[in-house]
Amino acid sequence: MEATTLSQGELSVTEFFTKLRIIWDELDSFRPDLVCICKSKCSCTVSSILSQRKHEDRVMQLLRGLNSQYTNIQSHILLLDPLPPISNFFFSCYPTRTSYHD
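Residue 1 is where the sequence shown starts when you use the numbering used here, and the numbers rise one by one after that.
If you are wondering where the hints come from, they were derived from the structure by calculation, not from laboratory data. Predicted model only: the values in this text are computed from it and were never measured. Everything hinted at is true.
Cross-link-like lysine-lysine pairs, in silico, BS3-like; alpha carbons within 30 Å at most:
no.	residue 1	residue 2
1	Lys39	Lys54
2	Lys54	Lys41
3	Lys54	Lys19
Build out the structure end to end from the sequences listed, making use of the hints.
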């Protein structure tokens, strides 16, 4: 599967994520998320567990494919429980400017 072997290489983080996102979207179209079909009010947590696992898999694919310059960020994110949304990861990769130039 291409998503598991894709790496950032010469791509920016945004370009790398976009390539991964395209692959994930294609996978989702072929294999959509499961939906609970319990007749009564569902009390199982299978749907939420599957959704969380999918999120974790995607965060791991993104982190594994990044260049070595992001090792500190990778380590930090992997220590978090639960793993943050991927959008939070982008804030870590792009430091905010503390000074402004005219």
